[in-house]
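Top to bottom, those sequences are chains E and X.
Under the numbering used here, the first residue of the first sequence carries the number 1, and numbering increases by one thereafter.
Under the numbering used here, the first residue of the second sequence carries the number 1, and numbering increases by one thereafter.
There may be inaccurate statements among the hints.
No copy labels: a pair is met if it fits in one copy or bridges any two.
[As the list claims (entries may be wrong)] With a Cα cut of at most 20 Å, we get these calculated SDA-like pairs of lysine to any residue:
#1 Lys218 to Pro248
#2 Lys169 to Asn150
#3 Lys79 to Thr178
#4 Lys45 to Glu104
#5 Lys177 to Arg167
#6 Lys177 to Val154
#7 Lys52 to Ala193
#8 Lys45 to Glu172
#9 Lys79 to Gly19
#10 Lys79 to Glu42
#11 Lys177 to Gly83
#12 Lys79 to Gly179
#13 Lys230 to Ala165
#14 Lys230 to Ile126
#15 Lys218 to Asp12
#16 Lys78 to Cys15
#17 Lys218 to Glu127
#18 Lys218 to Asp98
#19 Lys78 to Arg53
#20 Lys52 to Glu66
Calculated from the structure, these hints are not laboratory results.
This one's a predicted model, so the numbers in the text were calculated from it and none came from an experiment.
Chain by chain, the residues run as shown.
Protein chains: 2
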Amino acid sequence: MGTLYLVPTPLDFGCDSQGPLDEVLPQATIVRAAALQHWVCENAKSARAFLKRIGEVSPLCASIQEQQLQELPREVHKKGDTGFDARSLLAPALQGLDMGLLSEAGMPAIADPGASVVRAAHTLGIEVQPLIGPVSLMLALAASGLNGQNFAFVGYVPSEPALRAQRIKALEALALKTGQTQIFIETPYRNEALLRTLLEVLQAGTRLAASMGLTLEKCRHYSGTPADWKRERWALNNQTPAVFAIGP
Amino acid sequence: MGTLYLVPTPLDFGCDSQGPLDEVLPQATIVRAAALQHWVCENAKSARAFLKRIGEVSPLCASIQEQQLQELPREVHKKGDTGFDARSLLAPALQGLDMGLLSEAGMPAIADPGASVVRAAHTLGIEVQPLIGPVSLMLALAASGLNGQNFAFVGYVPSEPALRAQRIKALEALALKTGQTQIFIETPYRNEALLRTLLEVLQAGTRLAASMGLTLEKCRHYSGTPADWKRERWALNNQTPAVFAIGP
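Just chain E, with the same shape it has in the complex (with noise of 0.2 Å):
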């Protein structure tokens, strides 16, 4: 039986400046993703580019053209992995080929689609190896100072107002109460309302930490109060993507 390989994938997808994959990926995940042929992947476009982008720092096992690459289905981008049975997708690895998994960006099953794949894999048996690259949260975490020893990723806080800003009440209880980290995600285009609504919801002391353009030239982290906020007019743009977390 092949191995199923979670192949990390660079932060700077869909950016004007893409820097080398070394600086991102270490050789292990490099050598190990440019010797694969059969990939399971949110988007088979995307998946060709990083592709590319292997074959330029190490050979390829096979041209861009023979990459056998299958598209998870569109409900597993909609509606996430519950229930979605993912076994047909891994009948090379049955066969004794080596897969790969690749998302968008950073590591594949984390705050992205995949987890059904890898759920798969161990029902059936084949073995599930991850490699070492970037994961926006980890690094967003990291750079807070808020508490690394408990916290939660909890996804995709509401759009609509309201809800939003009674999801930015309760996750920042939450938070007060048991000093459990809460790590949050918005679609890049609403961070200004998102960071407006933050510093109107948010208690003098809870701690507010925001993380933008991750691993690129441009990568700001901010961390403060509200107060601190306002009185260093740190502010985020609605075209880099952005993590967010809130503490005590």
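We have chain E already, so just place chain X on it with the hints.
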């Protein structure tokens, strides 16, 4: 002002066979670490051992003897970072020198001390930059097949048997109610005891994942229901660090 770099270290610390550094760290992380001379660390001895490994693949800006290492005080190791004022440790950065923060294994300030140093940097207006490297919790989560879009890391579970069983039941109830994967750890010499309790206490439909020896040659990732664990006779040992996760 200098920048505070958060420098991840390999997970094989203390192991008999340590692999090459470029297997686990991107070139940019290695080069950046080699360019630093001022450090805050958990333990100076292991920090020097890490710098020696860095020096074998990239020329150090200063010899091991010339490296300036400040240890986090014992109280932070024992009681955690909360309430510790780390500003005095950052004096070199205030004088314009770049600094590095190191933990014993993996990403500093995640499942390890260091958050107080990052917080102090933000307070002093010192820029913080996390570097890319292994994060054991995320390798384990990705390999678990459990929900990676909503998860929590809750640290250590109690070692006293009755309290441990009670805590596991509470974590399971939370995971089943909310769908939030619950990740936890134990000191290695209690791995077997913790696994016994988990298999006794967890409900039939709950999924238990454990990753043992992350990034090592002998690394294993198991994931399944209690019945799967018993049927497959998956076992942990009391020597190798493990990460545990439960979820629906």
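These are the hints, each one checked on the structure:
1. Lys218 to Pro248: Classified as neither; 28 Å inside a copy, 39 Å across copies.
2. Lys169 to Asn150: both (19 Å within a copy, 18 Å between copies)
3. Lys79 to Thr178: between (30 Å within a copy, 16 Å between copies)
4. Lys45 to Glu104: within (10 Å within a copy, 40 Å between copies)
5. Lys177 to Arg167: Both, since 15 Å and 18 Å are each at most 20 Å.
6. Lys177 to Val154: both (17 Å within a copy, 14 Å between copies)
7. Lys52 to Ala193: neither (36 Å within a copy, 47 Å between copies)
8. Lys45 to Glu172: Classified as neither: same-chain Cα gap 39 Å, cross-chain 39 Å, threshold 20 Å.
9. Lys79 to Gly19: This pair counts as neither: shortest intra-copy Cα distance 32 Å, inter-copy 40 Å.
10. Lys79 to Glu42: within (13 Å within a copy, 42 Å between copies)
11. Lys177 to Gly83: Between. Shortest inter-copy distance 16 Å satisfies the 20 Å Cα cut-off; intra-copy 33 Å does not.
12. Lys79 to Gly179: between (30 Å within a copy, 14 Å between copies)
13. Lys230 to Ala165: within (19 Å within a copy, 46 Å between copies)
14. Lys230 to Ile126: between (52 Å within a copy, 18 Å between copies)
15. Lys218 to Asp12: within (11 Å within a copy, 32 Å between copies)
16. Lys78 to Cys15: neither (23 Å within a copy, 43 Å between copies)
17. Lys218 to Glu127: between (38 Å within a copy, 13 Å between copies)
18. Lys218 to Asp98: between (37 Å within a copy, 18 Å between copies)
19. Lys78 to Arg53: neither (28 Å within a copy, 45 Å between copies)
20. Lys52 to Glu66: within (12 Å within a copy, 43 Å between copies)
Violated hints, listed in ascending order, are 1, 7, 8, 9, 16, 19; each of the other numbered hints is respected by the structure.
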